[in-house]
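Those protein sequence lines, which keep their order, are chains A, B, C, D, E, F, G, H and I.
Just so it is clear: in the first sequence, position 49 is 49 by my numbering, and no numbers are missing.
Just so it is clear: in the second sequence, position 14 is 1014 by my numbering, and no numbers are missing.
Just so it is clear: in the third sequence, position 183 is 2183 by my numbering, and no numbers are missing.
Just so it is clear: in the fourth sequence, position 46 is 3046 by my numbering, and no numbers are missing.
Just so it is clear: in the fifth sequence, position 115 is 4115 by my numbering, and no numbers are missing.
Just so it is clear: in the sixth sequence, position 48 is 5048 by my numbering, and no numbers are missing.
Just so it is clear: in the seventh sequence, position 5 is 6005 by my numbering, and no numbers are missing.
Just so it is clear: in the eighth sequence, position 149 is 7149 by my numbering, and no numbers are missing.
Just so it is clear: in the ninth sequence, position 73 is 8073 by my numbering, and no numbers are missing.
Worth flagging that the hints you see were computed from the coordinates, not collected in a lab.
Please note: incorrect hints may appear among the correct ones.
What the hints assert, rightly or not - Here chain C is said to cover these stretches of chain F; the calculated rule only asks that three of the stretch's residues, wherever they fall, bring their Cβ under 8 Å from a Cβ of chain C:
| hint | segment |
| --- | --- |
| 1 | 5012 to 5022 |
| 2 | 5065 to 5078 |
| 3 | 5102 to 5113 |
What the hints assert, rightly or not - Selected chain H positions facing chain C (in silico; Cβ < 7 Å):
| hint | residue |
| --- | --- |
| 4 | A7073 |
| 5 | L7077 |
| 6 | M7078 |
| 7 | L7087 |
| 8 | G7091 |
| 9 | A7092 |
| 10 | F7093 |
| 11 | L7094 |
Just so it is clear, CB atoms sit at the ideal spot from N, CA and C, and this is done for glycine as well.
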Amino acid sequence: MASFIATGCFSFVVYLLLTAGSGRLLGLWSGADLLAGVMIAAVVGWVARGFFCDPRRRAALQPMRWVRAIGYACGPFFLEMAKANVDVAYRVITGRIRPGIVRVRSGMQTDLGVLMLANSITLTPGTLTVGIDEDTNDLFVHMINVPEGIETRESLEAREVFSTFDCPSWIRRIAE
Amino acid sequence: MTPLLLLQALLLLGLIVTAVLVIAFKDLLSSAIAFAAFSLLLALEFYLLQAPDVAIAEAGIGAGLTTAIFIIAIRGTKRYEEKD
Amino acid sequence: MMDSLALHLPALLVAIPLFTAFLIPLAGRAGDTARSALVLLGAALTSLAGLALAARVFARGTVLYVFGAAAPHAAIPMDSGGIPIRIIFQVDALGALMVVIASLSSLAIALYSLAAESRQSGKDGFYSMLFLLVTGVLGMVSTGDLFNFFVFLEISSLAGAALVAYRIDKGEAVEGGLKYALLSTVGALSVLMAIGILFAQYNALNIATVASRLRFGSLDMIALVLLAVPLAMKCGAVPMHFWTPDTYTTAPSSITALLVVSSQASLYGLFRILFTLYGDLLRFNWAVFGWFLVILGALSAFVGVTMAIPQKDVKRLMAYHAVSQTGYMLLGVGVGLAVFADAGALAAYGKTAMAGGLFHIINHAMYKGLLFLTAGAVFYRTGTRNLNRLGGLGHAMPWTMVFFMIGALAIAGIPPFNGFASKLLIYESVFRFSPFLAILAMVVSILTLASFVKVFHSMFMGPPRAEFAGVREVPAPMIAGMAILAAFVILAGLVPQVFVDRMIAPAVNALVDRAGYIAAILGGH
Amino acid sequence: MSIWLFTVTVLAALMLLAMVRLFKGPTSADRVVALDAINTLVVASMIVLAAAFRQILFVDVAIVYALLSFVGTLYIAKYLGGEL
Amino acid sequence: MITRLLLAMPFLTVAVLLLLALGALLFKRNLIKMLMGLSLMESAVNLFLVAIGYRQDGVAPIFTNVPQTLMVLPTVQALTLTAIVIGVATSAMMLSFAMVIYKKYGTVDVRNIRKLNG
Amino acid sequence: MDIPWTLQTGAGAWNPLLWLVGFAVAFGVAWLVRSRGRPDNRSGDALKPFISGNEEPENAGGHIPASNLYWGFTEAMKTYYSRLVPFHTGIPSDYVAWLLGVMALMLVIALTV
Amino acid sequence: MRTALFTAILLILLAGFLQVAVGLPFGKPARTDMDDYFLAHAQDQAAANNVVTSVVFDFRGFDTLGEATVLFTAVLGVGMMFRKLKPGEEYEHD
Amino acid sequence: MNMTKIVRTTADLFYPFCLVFGLYVVLHGHLTPGGGFQGGAVMATGAALLLVSRRYEDITRSLRQNTMKLCEAVGLLMFITAGLAGLFAGGAFLYNGLAGAGGLFGEPVAFGANPGGLNTAGLIPLLNIAVGIEVLGGLTVILLYMLSGVKETEP
Amino acid sequence: MILNLLIGAAIAIGLFFNALGVFGILRFPDVYTRLHADTKATTFGSIFTSLAVALYALGRLFETADGQYATLLLHTLVAVVVLAITNATGAHAIARAARRRGHSPAQAVVDKLEEPAP
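Can you make the complete structure from the sequences, with help from the hints?
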C-alpha cells in the first residue's frame, strides 16, 4: 500500500510537471488535466507499485526527503559536477592521465542510495562507476587520475572520492 | 545559403555517413550501433522539417525498439558477417 | 434497418473479418469449440457481406463509402472546393468481381482449414491471420485510395508471409515466408515511393482525383514503373515469379488457396493502375504497356508450364501452374490494353480478350484453390507430397479424387468445365491479335493437361500401397470446403454466358471506363 | 543567424566529429561511447531548436529521445557484456 | 542546375540512401545485414515522404498559443507515421524469421538459404 | 428464368449444353457398340502376354514413378531445362535482383518512349 | 559478371531517383489544396489542435486501423515463429 | 541475466516515469506532438527497460505475455468498436460524432491560435487510448517473444 | 539585456564543454577514459545549453505571463534531469559491459576489479 501511494504521488507530480501551463486553475493547470492526472496516477501507481519502491519501506513517503533531493541536485552535486568538468577539460587539453580502478566502500544499504551514489560518482571529478559488488554494495570506480599512494590501499571511503562536499552523507539523508 | 540549410546539409551528410557505416561494417553489432545513430539523426532531420509527431515516432520506434530488436536478433543468430 | 445495413456494406466487409480476427485470440482461451464456431460465423458473415455487396454493385452500379464522414455517401464535402478528402471505398463492377472471388474462396477455405489444421499448435494465430489475409484482399480490391491500398497490401503481405511460415519445424516453410516477406516489403516500399511522387505533384491520394489531375510527365512515368512492376511481381509474373513456387509449396494448403486469391488482388491492383490511374487515351502510350503485359503473360504461361512438368512435389507443380495460368490473365488483359487506343480492334476482339482474362481470374481462383485443397487433403492423410511416393489412393479417397479430377480437367481447359470457357474467349480473341500467341496458349494448355495427367496417375492410379493402407477419406468439413469450389467450377462451366453477362462484361466495362470511375467520385463527365 | 540556430549548427558539427569515433572505434564499446555522445548532443540540439522555432511543445521529443535511446544503449551494453 | 540540386538536398539524400539500401540488398550475404538495408530503405522512403510536405518557413501543423502563419503539409506526416509503424512491424517479423532460420539451418548466409530451388 | 446457355466469344459461340448432349450421344453409341459384343467374353480368357517366351513378371504393369512419366519429354528438351532449372536459384538476393532489374528495364523504356 | 549487372541495375535506378529528386521542388509543394483544407478545418471538424493527429485519427482514421492491424499481424507472426510445437507435430518435406 | 543494481534501480525509477509520460503523450495527442503510437511506444519502452534490466524469467512473472496479448486485442477491439459506434450513431464507419457535441471530450474548439483543452476532439482521444494500449501490448509482446526465442537457443 | 548576456554565456559554456567532450572522445586512449569525457563533459554541456533555453523561457514567462513558457521551462528541466540520470547509468552500463568483455584500462596503475569472464 505504501508503495502504491508513493508511486501514485510520484506519478501525479510528474504529470503535473508535464502539463503545467495547460490552464488557469491554480494559475497553471486545467481541471480536466488534474482529473486525468489523478486517474493516471492511480493506474500507474497500481501497475508500477512493485518496482518504484520497496513495498516494505515507507521512507519514500516523507516529503522532506524529496525537498532535500532537489536541494542536493542543485547545490553540492551541481558544483561538484562543474569541478568535474573543469578537471576533464584539463585532462583533455593536456592529455595527462593516470587511470586505474579502485574499490570504494559505499556504506549504503538501500538500492536508491547506491544508485544516487554511483551516479554522483560517475558525474563528478575523474571518476566513473564500472562495477558493483552486489552483496556489500561496494563500488568499483575507474579514476582518471589516481592520486599517489591510493593504489596500494585495499579500498577507499566514499567521502574520499568527492573533493569539496560530503555528498555521501547528503545521499544518506535522502535515501536511507 | 540560409543557416537552416547549412544545418540541414550537416545533418544529411551525417545521415549518409552513418548509412555507409551501417552497410560497411562487418561486425553486425557495430552496424546496429551505426543504425541507432542513423535513427537519431533521422529524427533530428524530421524535427528540422517541422514534423515533431514523426520525430517522436522515429525516436521511440526507430531508435529505441528497432535497436533492441536488432540486438536481440543478432544475439539469436551470430555476430559477424561471413567472409566472402 | 436492412437498408441502413446495406448502406454500410463496404465498411462491414472489412470490419467483420477484422473484428473476428481480433476476437479469435480471446475466444481461443475459451477452447477449441468456441474458436471454431467464431471462425465459421466470421467466415459466413464475411462472405455474406461480400456477396451482398457484389449483388448491390452489379444491380445498381458503383458503390461509394466514405470513412469517417457524417454521411457515408458524401464523397466531396460541400466546402472543400470539389476534392475528396477522406478515405473512400469505391467498389465498381471489377472490384465486385474480386470481392465475389475472395468471399467464396474464404468461406470454402475457412471450412476446410477447420478440419485440416486441427492437429497443429498455434491455432489462434493461424485463424486470426487467415482473417487478416482475407481482410487485406478485400480491402485491396475495394479501396479507392492509393495509400489505403498500400496499407492493405502490407496487411495481406505480412499475414501471408506469416502464414506461409506456419509450419516451423523444419525451416523450409520459414525460408519461404522470409522470401515472400522480403520481396513484398521491397515491392511495397517501391509502391510507397510512387505514392509519394504522385502526392508531391498532385496533393491527392484518391485514385480518381489523382487520375483526373495526372499530367504524364517523366515523374509520373517513374511512378508508374514503381507501381506496376512490384504489383506484377506480387501476382507472380515471369521473370519475377521465383517466390511463387517457394511459398505455395511450403504454406499449408488452405493458405495456398488464399495466396492465389491474394496474388490476384495484386493483379487487380495492376489493372487498376494501368487502366484507371494511367488510362488516359490521348496522352499515354498504350502499346508499350500492353505489350509489357502480353510479353509477361506469354513468358509466364510458357515458363510456368514447362517448369511444372519435371516437378515431383505436387504442390510445387501446382504452383508453377499458377504462374502459368496468371500468364493467361495477363495475356488476355494485355491484348486488350495493347489495342486500347484502337476503337475498332477494341470492339472487335479487345474487349473479348479482356473478358477472357477477367473470367480466367475468377475461374483460376476457384479451380486452383480446389486443386490445392485436394493436394492438402492427400497430404492430410498420407503425410507426403512427393509424387514418387504417392499412389493408389483412388479407392481410399473417392471424393478427393473426384474433386481433383474436376479441378484438373478445368485447369487443362477440357469442356464442360469453366477453364474451357475462359480459355476459349482468350484463344479466339488473341488469335486475331497475334496467331502465334494463340498457338502458344494452346500448347501451354496441352502441356497443362499432360502434367495433370501425370499427377492424377501418380496420386490416385496404380495398385494400393502398403504404407497407405490405413488411409481413408478426409473429414466432412474439408469435403464441404472443396465441394463449394467444385460446385462453382461446374456451374461456371455449364452456364458461362450467365457469368459473362452478369459479372464479366460489367467488369470489363468498368475497367475501360476511366471517365466513369472518376465521375463516380468527382461527379460530371 | 539567430544564436539558437548557430548553437545547433555547432552541435551538429560536433555530431559529425563524434562520428569519427563511431567509424574508427577499435572496439564496439568505443562505438557505443560515440553513440552515447551523439545521443546527448541530439537531445541538447532538440531542446535548443524548440526555442529556435518558438515551438514549445517540441521539447517533448527531446524527453522521449533521452528516455528511449537510453534503452537502446542498455540493450547494446547488455549484449556487449554477454548477458543477453 | 547546381543551385537546384543544392535546394533539393533532402531528396538527393533519399536517392543516395536508396542506392545504399538496394546495394545492401543485392550484394550483402548476411541476412541480418540485408534486413538492415531494408530498414534503411524504409527510413529513406519516410524521409522522402516528410520532405515532400515541407514548406519554406512553414511551422509544424499544431495550433498553440503562438500565432501560426504558414504550416507544413500534415497529410504526409500522417502517412509517414503509418509507414514507420508498418516498417517496425515488418522488421520485427522478418528478424524473427531470420532467428528461426538460423536455428534450423545453422546459417544466416543467404546464399545457403536455398533449400527451396529448382 | 431465361438462362443463356450459349457463350458468345465474339468470333463464334459455344454451348456447353449442346456439348453435353453430344457427349451423351457419343457415350450412348459407345455403350451400344459395347453391348452388341459377345456377352460371354471374360477378361481372363485371352492368351497371357509373354516376353521373349517367358511369363510376364508379376509387377511389370504396376506403378510408374512420377519422375519417369515424362522422361522422354524432359530428355528432348534437355538443353532448355538445363538452363531453366538452375535459373531458379532460390537465393533471395537474386529474387530481389530480378525485381529491380525488371524495374530498371521498364524505367528505361518508360522514360525513352 | 554478376557484380557488373547488379551495378548497372543500381545505376539505372539511381538515375531514376535522381530525376525524381531534381524534378520535385523542395520547400514549395506544387499543389496544396487538400492539405489546406485539413489545416483550415481540423479545428472545427475534428476539434483537434494537432492537425497531424486529426488527419491520422479522423480524416484518415481508416488507415490507422489498417496500421494497427499490421502491428497485430506482426505480433501474431512473431508469436507463431516462437511457439512451442506439440509433440509429434511434424511436417514432411523432401 | 541480471544487470547491476544500479541499472535495475534506474529502470525501476524510470518505469513509472515512462508510463506517465507515455500516458501524457497519449492523452495529449490532439494537443501536442504525439498520439497513440508514440505514447504506446514510450510505454512499451518502460517495459523494455524492465526487460533489459532483469533476468527474463524474473520479469515475466510480473510482466506476463498473456496480459500483454490481452492488452493488444482489447485495444484493437476498442478501436473497431469505436468505429462501429460511429456507424450506429448515424454516420459512416469511424465517424467522429463526439467532436463538438459537448460532454466528455466534446468541447468545441475555437479557431486559430489557442492552446486547446484536454476534453476536446471527440473520438480522437478515445482512439488514441485504444491505439496506445494496442501498441504497448504489441511491442512488448514482440520483445517478449523474441527474448524467449533467444532463451531457447541457449544450451 | 542581462538575461540575453546570461543566455549567451550559458550557450558558450555549453558549447565549450560539448566540444570538449567530443574532443575527449577522439583523444583519449581507451574506453573508460573516453567514457569520462563523454559522460561528464557532454552532459554538463547539454545541461548548460538547456539552461540557456530555460533562462529564455523564464524571461519570456515574466515578459508575457503566458502559460506555455512555463511548460517550456518545466519540460526542459524534466529533459535535463532525465538526460543526467540516463547518461550516468548508461555510462556505467557501458563501462561494465566493456569490463566484462575483457577490456582492461589502458595505462592503469591499479585494477581492483575482478569480474568473471562472460
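**Report entry** Violated hints - listed by number, lowest first
**Finding:** Result: hint 6 breaks, nothing else.
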